[in-house]
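In order, the protein sequences belong to chains A and B.
Quick note: the first sequence uses my numbering, first residue 1, plus one each step.
Quick note: the second sequence uses my numbering, first residue 1, plus one each step.
Note that these hints are calculated values from the structure, not bench results.
Careful, some of the hints might be misleading.
To give an idea of the interface, some chain B residues facing chain A are shown, with a C-beta separation under 7 Å as derived from the structure [claimed, not checked]:
1) 291
2) 333
3) 335
For lysine to any residue, the following SDA-like pairs were computed, each having C-alpha atoms within a straight-line distance of at most 25 Å [said to hold, decoys possible]:
4) A:165 x B:313
5) B:118 x B:21
6) A:167 x A:84
7) A:58 x B:200
8) A:118 x B:348
9) A:118 x B:345
10) A:31 x A:196
11) A:118 x B:351
12) A:83 x B:331
13) A:58 x B:313
14) A:83 x B:359
15) A:118 x B:347
16) B:360 x A:118
17) A:58 x B:323
18) A:118 x B:352
19) A:118 x B:323
20) B:118 x B:55
21) A:83 x B:308
22) A:118 x B:344
23) A:83 x B:307
24) A:83 x B:313
25) A:83 x B:322
26) B:360 x A:97
27) A:71 x B:347
28) A:58 x B:307
29) B:118 x B:146
30) A:118 x B:322
31) A:167 x B:313
Yeah, the Cβ is synthetic: ideal placement off N, Cα and C, and Gly gets one too.
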Amino acid sequence: MSTLEIRGLKVSVETEQGSVEILKGVDLTIKSGETHAIMGPNGSGKSTLAYSIAGHPKYTITDGTVTLDGKDVLEMTVDERAKAGLFLAMQYPVEVPGVSVSNFLRTAATALRGEAPKLREWVGEMKAAMESLKMDSAFATRNVNEGFSGGEKKRHEIMQLELLKPKFAILDETDSGLDVDALRVVSEGVVRAKEANNHGIILITHYTRILKYIKPDFVHVFANGRIVEEGGPELADKLEADGYAEYVKA
Amino acid sequence: MTTLQSNLLENHTPSGREEAWRFTPLKRLGGMHDGSATPELRNSLATKNPLKDGVTFTHQDVIAVTESDDAIVQRIRAFTNSGALLTIPANTEVAEPIFLNRTSMSTKSAEFSRVQIKAGNHCKATVIIENTGDTHLAEDLEIIVEPGAHLTLISLQEWGSETIHAGRHHAIVDRDATFTSIVVTVGGDLVRLLPTVDFIAPGASCDLSGVYFATAGQFFEHRMFVDHKVANAKSRVNYKGALAGDKAHTVWIGDVFIRAAAEGTDTYELNRNLLLSDGARADSVPNLEIETGEIVGAGHASTTGRFDDEQLFYLMSRGINMEDARRLVVRGFFNEIIAEIGNEEIQNRLMDRIDSELAKAAK
Numbered sequence: 001m002s003t004l005e006i007r008g009l010k011v012s013v014e015t016e017q018g019s020v021e022i023l024k025g026v027d028l029t030i031k032s033g034e035t036h037a038i039m040g041p042n043g044s045g046k047s048t049l050a051y052s053i054a055g056h057p058k059y060t061i062t063d064g065t066v067t068l069d070g071k072d073v074l075e076m077t078v079d080e081r082a083k084a085g086l087f088l089a090m091q092y093p094v095e096v097p098g099v100s101v102s103n104f105l106r107t108a109a110t111a112l113r114g115e116a117p118k119l120r121e122w123v124g125e126m127k128a129a130m131e132s133l134k135m136d137s138a139f140a141t142r143n144v145n146e147g148f149s150g151g152e153k154k155r156h157e158i159m160q161l162e163l164l165k166p167k168f169a170i171l172d173e174t175d176s177g178l179d180v181d182a183l184r185v186v187s188e189g190v191v192r193a194k195e196a197n198n199h200g201i202i203l204i205t206h207y208t209r210i211l212k213y214i215k216p217d218f219v220h221v222f223a224n225g226r227i228v229e230e231g232g233p234e235l236a237d238k239l240e241a242d243g244y245a246e247y248v249k250a
Numbered sequence: 001m002t003t004l005q006s007n008l009l010e011n012h013t014p015s016g017r018e019e020a021w022r023f024t025p026l027k028r029l030g031g032m033h034d035g036s037a038t039p040e041l042r043n044s045l046a047t048k049n050p051l052k053d054g055v056t057f058t059h060q061d062v063i064a065v066t067e068s069d070d071a072i073v074q075r076i077r078a079f080t081n082s083g084a085l086l087t088i089p090a091n092t093e094v095a096e097p098i099f100l101n102r103t104s105m106s107t108k109s110a111e112f113s114r115v116q117i118k119a120g121n122h123c124k125a126t127v128i129i130e131n132t133g134d135t136h137l138a139e140d141l142e143i144i145v146e147p148g149a150h151l152t153l154i155s156l157q158e159w160g161s162e163t164i165h166a167g168r169h170h171a172i173v174d175r176d177a178t179f180t181s182i183v184v185t186v187g188g189d190l191v192r193l194l195p196t197v198d199f200i201a202p203g204a205s206c207d208l209s210g211v212y213f214a215t216a217g218q219f220f221e222h223r224m225f226v227d228h229k230v231a232n233a234k235s236r237v238n239y240k241g242a243l244a245g246d247k248a249h250t251v252w253i254g255d256v257f258i259r260a261a262a263e264g265t266d267t268y269e270l271n272r273n274l275l276l277s278d279g280a281r282a283d284s285v286p287n288l289e290i291e292t293g294e295i296v297g298a299g300h301a302s303t304t305g306r307f308d309d310e311q312l313f314y315l316m317s318r319g320i321n322m323e324d325a326r327r328l329v330v331r332g333f334f335n336e337i338i339a340e341i342g343n344e345e346i347q348n349r350l351m352d353r354i355d356s357e358l359a360k361a362a363k
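With these hints in hand, go ahead and build the complete structure from the sequences.
Next comes the structure, spelled out in structure tokens:
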């Protein structure tokens, strides 16, 4: 059983107008096997929370703590955070020209597992992950995210989730830009990975549609850089009906 | 005289003020340009493997097929008529690449080397010149690509750190012939190459690509000139460079001249540079001069940038450490061109060399 604990997290970014505080004190505790949906309007700071936990250099932590089983995540480099068990499925995965998906994934798996996976087993692992996400086998030879459609990028992210087996997965708007079929395939991948690894999930989304596939245990409403309301799955139904208007006003 | 013609090398000992020499540190040329080098006829070029399919390679007198106003080429030609001639017979598809290398080296004197490669009508062949070790080399290489021929020339500068190499690689490309050139420069103190192309009949095409990686103190210059003097010829240029370390300096000049008669020309040239540390300098100058509007297309692009933080973040967020992430990005950057070599042993060797250059620079 692992615990990811976020306490009083304040985060700023540098802009031309100076430093702007995006996160204004976030508290959140996630345990293995739990799914927490973070829902909120655009610009409320949801993605900033995701990238700050992953260690993106653009964000400056001004206050608060993030710990994984008591270890200080904020002291870790980006790769150390991944090795500690954090995974961020990005909303806009980055193109890496000239680096094939298979080379990238094997390098990542080698780094995370501490040794290179045996080639034959690895090929089988990749094949299974790709098949279950309904990806063509030629996918492995393509360059990372280069020329991928929106749906392919998200499948690739979830394929990594399945292969890299983190303790906690942060899914940043994984549902955005997906049609109904792709949303189902990707969501099934998330559920399958969770059943296999029992990791905790922070599911960041604007809409409720992905929650039909990935059932949250907890729903947190995010507005203006902090969590403004918390509840169970029924809170999502309320948001579906009423929207975010009452939180934005506040 | 057009701007581009005046960019060609001046017909006298360069002072460094000429357009064609303004980037080159003349003091580091070992006197090849001003007559102070001790010229030597070494006939060092040799075939690495037995020749097949009627291909011949001989050391003999060669007669230049083109003029050159390059000061170094003129000094080579004044010094000797003796050179090496590689002939690929017409209507022959040579299955295996023809490997050439240099068998004798010295940095006490300069090898003045004349070489001709003749690719006969409708032949298809790949020539790979592997340059390793430490030497001083002034090189006058003419490549004659006869009608309908497909010639690929892969020129590998994997020199040691003492080498000075100044060379003109001039291709004359005839009707419906295709010349593909891949230049790799990853070693040497100073390397200055002039990959130039003359289209002499319609339907000719060339694809000039290259990679270079300069580390502390190295100077690598690649100066293209593609002369579209006939109709319906096509040229593509794609060079990629990386620089790391104090006073690493690269120069890429892409001159393309579309003369009035060259209707239907299709040309595009691209140079990308990756600056991996402070103190390095990449000069990149595309020049396009167009005398006719009746063309298919003409364009160029030049970029010089640093590591993309988003790429590094993405790779590192998957557990890959900074050093490995940088290595992946640099390998990926060069892979587009290195993969075109089509020889796994050479590709792996070059990627290993690029890794070690990067590791050296990181220290």
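Now the hints, each set against the structure:
1. Annotation: residue 291 (chain B) was flagged as interfacial toward chain A, and the flag is violated, the nearest CB pair being 35 Å apart, outside 7 Å.
2. A cut of 7 Å between beta carbons decides the hint on residue 333 (chain B): the least distance to chain A is about 6 Å, and the hint holds.
3. At about 4 Å, the closest approach between the beta carbon of residue 335 (chain B) and any beta carbon in chain A falls short of 7 Å, and the interface hint on this residue holds.
4. Note on residue 165 (chain A) and residue 313 (chain B): the hinted pairing holds, with a Cα-Cα distance of about 19 Å set against a maximum of 25 Å.
5. A distance of roughly 30 Å separates the Cα atoms of residue 118 (chain B) and residue 21 (chain B); the hinted pair therefore is violated under the 25 Å criterion.
6. The hinted pair formed by residue 167 (chain A) and residue 84 (chain A) meets the criterion: a straight-line CA distance of about 8 Å does not exceed 25 Å.
7. The straight-line distance between the Cα atoms of residue 58 (chain A) and residue 200 (chain B) is roughly 54 Å, outside the 25 Å bound, and the hint therefore fails.
8. A distance of roughly 21 Å separates the Cα atoms of residue 118 (chain A) and residue 348 (chain B); the hinted pair therefore holds under the 25 Å criterion.
9. At most 25 Å may separate the alpha-carbon atoms for a hinted pair to count; residue 118 (chain A) and residue 345 (chain B) meet this at roughly 23 Å.
10. Straight-line distance between C-alpha atoms of residue 31 (chain A) and residue 196 (chain A) comes to about 16 Å, which keeps the hinted pair within the 25 Å bound.
11. Simply put, residue 118 (chain A) and residue 351 (chain B) have alpha-carbon atoms about 23 Å apart, close enough for the 25 Å limit, and the pair holds.
12. Taken as a hint, the residue 83 (chain A) and residue 331 (chain B) pair is honoured in the structure, with Cα atoms around 24 Å apart against an allowance of 25 Å.
13. Only pairs whose Cα atoms come within 25 Å are accepted, and residue 58 (chain A) paired with residue 313 (chain B) is accepted, the gap being roughly 10 Å.
14. Restraint check: the Cα-Cα separation between residue 83 (chain A) and residue 359 (chain B) comes to about 23 Å, which is no more than 25 Å; the hinted pair holds.
15. Between residue 118 (chain A) and residue 347 (chain B) the CA atoms are separated by roughly 24 Å; this keeps the pair inside 25 Å, and the hint holds.
16. With a C-alpha separation of about 30 Å, the suggested pairing of residue 360 (chain B) with residue 118 (chain A) is violated against the 25 Å cut-off.
17. This hinted pair checks out: residue 58 (chain A) and residue 323 (chain B) have alpha carbons roughly 20 Å apart, not beyond 25 Å.
18. Taken as a hint, the residue 118 (chain A) and residue 352 (chain B) pair is honoured in the structure, with Cα atoms around 22 Å apart against an allowance of 25 Å.
19. Among the hinted pairs, residue 118 (chain A) with residue 323 (chain B) is consistent with the structure: their alpha-carbon atoms are about 23 Å apart, no more than 25 Å.
20. At most 25 Å may separate the alpha-carbon atoms for a hinted pair to count; residue 118 (chain B) and residue 55 (chain B) meet this at roughly 10 Å.
21. Annotation: proposed proximity of residue 83 (chain A) to residue 308 (chain B) holds, straight-line Cα distance about 22 Å (limit 25 Å).
22. Note on residue 118 (chain A) and residue 344 (chain B): the hinted pairing holds, with a Cα-Cα distance of about 22 Å set against a maximum of 25 Å.
23. In summary, the hint linking residue 83 (chain A) to residue 307 (chain B) is supported, as the alpha carbons are separated by about 23 Å, within the 25 Å threshold.
24. A distance of roughly 14 Å separates the Cα atoms of residue 83 (chain A) and residue 313 (chain B); the hinted pair therefore holds under the 25 Å criterion.
25. For the hint pairing residue 83 (chain A) with residue 322 (chain B), the CA-to-CA distance comes to about 13 Å; that is within 25 Å, so the pair holds.
26. For the proposed pair residue 360 (chain B) and residue 97 (chain A), the alpha carbon gap of about 23 Å is at most 25 Å, so the pair holds.
27. This hinted pair does not check out: residue 71 (chain A) and residue 347 (chain B) have alpha carbons roughly 43 Å apart, beyond 25 Å.
28. A distance of roughly 15 Å separates the Cα atoms of residue 58 (chain A) and residue 307 (chain B); the hinted pair therefore holds under the 25 Å criterion.
29. Between residue 118 (chain B) and residue 146 (chain B) the alpha-carbon distance is near 8 Å, which keeps this suggested pair within the 25 Å criterion.
30. Our distance criterion of 25 Å between C-alpha atoms is met by residue 118 (chain A) and residue 322 (chain B), whose separation comes to about 24 Å.
31. As the CA atoms of residue 167 (chain A) and residue 313 (chain B) are separated by approximately 20 Å, the hinted pair is consistent with the 25 Å bound.
Of the numbered hints listed earlier, those contradicted by the structure are 1, 5, 7, 16 and 27.
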